[in-house]
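Undergrad: Chain E: place on chain S using the hints.
These protein sequences, in sequence, are chains S and E.
Letter 210 of the first sequence, counting from 1, is numbered 210 in the working numbering, and no numbers are missing.
So the working numbering is basically just the index in the second sequence, starting at one, shifted up by 1000.
If you are wondering where the hints come from, they were derived from the structure by calculation, not from laboratory data.
Predicted, not measured: the structure shown is a model, and the values here were computed from it.
In this text, a Cβ means the ideal position worked out from N, Cα and C, and glycines have one as well.
Wrong hints could be hidden among the right ones.
[What the hints assert, rightly or not] Lysine to any residue pairs mimicking SDA-like chemistry, simulated, CA-CA at most 25 angstroms apart:
| # | chain 1 | residue 1 | chain 2 | residue 2 |
| --- | --- | --- | --- | --- |
| 1 | E | K1252 | S | Q94 |
| 2 | E | K1252 | S | D90 |
| 3 | E | K1252 | E | Q1166 |
[Claimed, not checked] Which stretches of chain E does chain S cover? Using the computed rule of at least three CB atoms under 8 angstroms from a CB of chain S, they are:
| # | region |
| --- | --- |
| 4 | 1007–1020 |
| 5 | 1094–1101 |
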Amino acid sequence: MTAGIRTQDLRKVFTTPPPLGAAGGFGPRRKKKDQPAREVVALDGLSLDVQGSEIFGLLGPNGAGKSTTVGILTTRVRPTNGQAWIGDYDVWAQQVDVKRLIGVVAQRPNLDFTLTAREILIFHGAYFGIDSRTRSARAAELLDRFKLTDRADQLARGFSGGMMQRLSIARAMMHDPQVLFLDEPSAGLDPQTRLLLWEIIREYNRSGKTILLTTHNMEEADALCQRLAIIDHGRNIALGTPAELKASVPGGYLLRVRFGSNSPDLIERLKTLTGVREVRAQTFDDGDSGADIYADRGGSLVSEIASLAATSSVELSDVKISEPSLENLFLHHTGRSLRD
Amino acid sequence: MNWKTFWALFARDAHVARRNFVPLLLQTFLQPMMFVFIFGRVMVSSGYMPVTYKSLLLPGIMAISMIFTGVWAVAMPLIGEFQFTHEIEDRLLAPIENSWLAIEKVLFGAAQAVIAGLAVIPAAWLLLRPGVELNLLSPLTFAGITILVALLSASGGLALGCSIGQNQIGLMFSMVLTPMIFFGCTYYPWSALANFPILQKVVLVNPLVYASEGLRGTLVPQFPHLPVLAVFVALVIFDSFFLLLGLRQFRKKAVT
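The following block holds chain E by itself, in its conformation from the complex:
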């Protein structure tokens, strides 16, 4: 394994991300912050939502921001570079196995997702306060869940980015990401689906459920949530599945 090359590839991605910092920031935060403001501030202060909803909402918003950031950071460049600009060709000729380039992409996307997730907490807290009650009982468990969620988003981005065509980007958002978010227990806990028993079972195939429930279980454990251990297992399974699928698709794309 050629670490020099690996970190040079990582440095290149970091350099490009730094150059696009402002658009990246807007893209990551604008939507979740508006959501936080309307649901956590407007609806609560006007009495349509209870104050406790603020704390319930925060982990879900964090999960959405992380998933969006990771998928976007990995999938969008791959779609463009493989199909349109061919920019990736130079890096495919770097002295390292092609799969390591894909792993570098995943690692970089995951790092971006972690940053986005951790930045959402203070931003949302500032917008929502007072009334947000975070109970971080085990920072280590929280860190573990955060990393697994970040890897989920980035390896999901790898699988998507190497599987869909340029003209399907719109579909990716409307058919994959949007339903994932709405049925991902982001704006409500999984237990809230108790009145819809079939739906409650079906949403378990949605990896975002484990992301939001895991973050809920570690940030605001006073609310009902799936057992953290189950979340861990599910996230590890989803991460490995998307990573293996993504690597396979990447290798196919890298060579004709």
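For reference, chain S alone in the conformation it holds in the complex:
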């Protein structure tokens, strides 16, 4: 049985600036009067249970607490409260055992710039006690797999962002860890490399390894993860397979409509349309009103909405239709877009 990942009521309050991977503006800045103003709650009681040999995704906007979670699980961030385990090992109390089981790709490149790509892999293997012949062979294999062979003997300092990212992932796989953490792995990769990466991740998973990745990219979460936790403001707001999560949005389709004037009457009448499951009134920053309409059909509703608006003498200024997606789920739970 491969090692899984478990956390219980993880809470992290930063009093110093958060780790670089987690930089990006934290959503909630909870200030209590008796606390210094700079405290930032990054995680607020997060519990997860990732099975062995699962590809698990943490999906959430910037500042949701994804990198902090990865930081805690990889011994780099000390939790304020709560516990975390990799396999049977308590992450904080048994750090060395945990470090042996995990491979980590940080959000920002942290390669050894004074070494060549090949040396980076070989030294990494040496830290994990791999003998010299095995590590040379494995380094060559990974360089080839990540299409870095022609630059293998150049210093990593001169690599492009995408190459650094590929090398970071190769390095994390070098000691064949049971659990692989990837913090925003495809950020900055071109679409072709992203597909290569997805393929490599799936292949690694097929060999029985557990993978935890963070992303704010819904397509990636949908395509790659077997299960997902959607987190926001350091809390787990939804958990399940991508299909389950998408099915949990009322109706599935989301129509975001915008009109010039506020009309509670129109909102009520929208709810009576066939297929409409839920209507939420919205007020936009510029003062316009609107509604989020969750329904089990999309385009065919538009003409009905338009005629309803006309009979309520409200002018319709915009309609956006989204098909069932994780984005809709996130909106349904938080009222905010993942892209905000």
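TA: This is chain E only, laid out in the frame that chain S set:
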């Protein structure tokens, strides 16, 4: 304790140092050698300094080179890697307690300081000769002092490297290292401060005093110097203090 990992970390540092050998060499030797040339050669041959000054100067120059090398070798990479490049993160994830990574850094810095110190002796001797009189009465005592001085520089580098910010590097040199060198009995023996009784007491908090006096006491014992036993005790105390402080700061830096 995981020695395989420890020595792999050490091998990595050695590999990087080998790659930077020439700049490292210039950085370590250029300044002390110029000093040796001006004070030991120019000033002596023109009669402004007595010939004996050559022998007095050599242990002080050795102490400076060792302290500079050790502090630089440990502090500079740590400042950059923790605050800017994050290169150290991969090694913090190696299967070994974080403190051992810090100890590896200290050991590596100390090894570099020993090499620098031992290389200064023949280099300075070549520049200064004739007239340098070294009396190495007890090689073992000399070796002991040299190792303690090397550990002083490297653990001092650990404490500094984990305590100061990137924008304070300049201050570290002008406010910490330069006064340490000038008030470190490097260019003169401690007894020469007899006319400044208060200063003579105050400089005793400067660990470099014990480094230069210890090397003076073992390399050129014909000059006045602090008792070697006192130097030993002081160096052990300073080494332990900086190492413990440095480890504490390192652990703080390693985890957020």
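Undergrad: For every hint, state whether the structure bears it out.
TA: Here is how each hint holds up against the structure:
Among the hinted pairs, K1252/E with Q94/S is consistent with the structure: their alpha-carbon atoms are about 18 angstroms apart, no more than 25 angstroms. For a cut-off of 25 angstroms, the pair hint linking K1252/E to D90/S stands: about 20 angstroms separates their Cα positions. The straight-line distance between the Cα atoms of K1252/E and Q1166/E is roughly 17 angstroms, inside the 25 angstroms bound, and the hint therefore holds. Given a C-beta distance limit of less than 8 angstroms, the hint that chain S covers the region 1007–1020 of chain E holds, as 8 residues qualify and 3 suffice.
Three residues within the 8 angstroms Cβ limit are the bar, and the region 1094–1101 of chain E against chain S gives 5, so the coverage statement holds.
Figure legend: structure checked against the earlier numbered hints; every hint is met.
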